[in-house]
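Throw the hints in and build the complete structure from the sequences for me.
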Amino acid sequence: MYKPVLLGICFLIMASGFSQESEMAEIEGGTYIPLYGNDSLPVSVENFKIDKYPVTNREYQMFVQENPKWKKSEVKALFADARYLDHWKNDTELKSDELENAPVTNVSWFAARAYCKWKGKRLPTLDEWEYVAMADKETADARKKDGYNEFILSWYEKPKSFHQEVGSTYENYWGVYDMHGMVWEWTADFNSVIISGETRRDENQDNNLFCGSAAIGSSDLMNYAAFMRYAFRSSVKGNYSIRNLGFRCAQDSNEKENSANEAL
1 MYKPVLLGIC FLIMASGFSQ ESEMAEIEGG TYIPLYGNDS LPVSVENFKI
51 DKYPVTNREY QMFVQENPKW KKSEVKALFA DARYLDHWKN DTELKSDELE
101 NAPVTNVSWF AARAYCKWKG KRLPTLDEWE YVAMADKETA DARKKDGYNE
151 FILSWYEKPK SFHQEVGSTY ENYWGVYDMH GMVWEWTADF NSVIISGETR
201 RDENQDNNLF CGSAAIGSSD LMNYAAFMRY AFRSSVKGNY SIRNLGFRCA
251 QDSNEKENSA NEAL
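The numbering of the sequence shown is full-length UniProt numbering, which starts it at 1 and goes up by one.
Honestly, the hints are just simulated from the structure, not real lab data. Please note that the accuracy of each hint is not assured.
Claimed, not checked - Have a look at the derived ranges for each label pair, beta carbon to beta carbon:
#1 E66 to D189: 22 to 30 Å
#2 F151 to K95: 42 to 50 Å
#3 L78 to D146: 42 to 50 Å
#4 G181 to R83: 19 to 27 Å
#5 E26 to M62: 37 to 45 Å
#6 S253 to S154: 27 to 35 Å
#7 L78 to G30: 36 to 44 Å
#8 A82 to I33: 37 to 45 Å
None of these values were measured; they are calculated from a predicted model. Glycine included, C-beta positions come from ideal geometry on N, C-alpha and C.
Spelled out as structure tokens, the structure:
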């Protein structure tokens, strides 16, 4: 007698495009000291929500189907470079079915921002992303743990696999997956912290400052992993589409998700 009801529920789930990737975690705000330098002051982070998983190729397919101007053949160079969706066969098809539930990459900051807006969300700020990324499985701030930083650094050294399904890494303290061990991720203000001097256009810039030697200004020398992220962010532009760079969305805690289409 319950079969019709169960079938109806299943149908509604499939019809609505429901997937675990769209779930969000509630993050309790607080303060933390970012690792930009010795004189860093505590930064306050308000309560917010963040996607539990990176956005997948399947989800991004739905976005480009409803927003044609973000298709490979339509997007303007100003908003995405020639590598945009390079791992897709064409405007709507992937080169491999294995990529369907893998995190979407080769997307520019402009495209990621447009997707989040389409979902009634936004990109997380750099501080929000780093705040969540501090957590391991049991602790909200695991940066002082040697093993935690070693794990992150070991991932940075490994050859990247982009067929890995979202949710394949551990669930952290906040209930968020894949902050480390999968792909780099865009933030709303990705270039707000510049590692080399005052700007990347410094006349006397030292290219070494974009990598390991940037860590000499760290307020915690053990967290070299964070400086790798800051250096990476400072080296990219908004229209860059990079093979190992994806994204997830965030939302203020008092906002309700709104998937209604609006002009992007």
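Distance restraint evaluation - L78, G30, Cβ atoms, bounds 36 to 44 Å: holds (38 Å)
Distance restraint hint 42 to 50 Å, applied to the beta-carbon atoms of L78 and D146: With Cβ atoms ~44 Å apart, the hint holds.
S253 versus S154 beta-carbon gap, inside 27 to 35 Å or not: holds (34 Å)
C-beta pair F151, K95: status relative to the range 42 to 50 Å that was hinted: violated (31 Å)
Supplied distance hint 37 to 45 Å, evaluated on CB atoms of A82 and I33: The hint (37 to 45 Å, Cβ to Cβ) holds, given that A82 and I33 are roughly 39 Å apart.
Verdict for E66, D189 (Cβ pair) under range 22 to 30 Å: About 27 Å separates the Cβ atoms of E66 and D189, which means 22 to 30 Å holds.
Range agreement (Cβ of R83 with Cβ of G181, hint 19 to 27 Å): holds (23 Å)
M62 and E26 - C-beta distance against the hinted 37 to 45 Å: violated (25 Å)
When held up to the earlier numbered hints, the structure conflicts with 2, 5 and fits the remainder.
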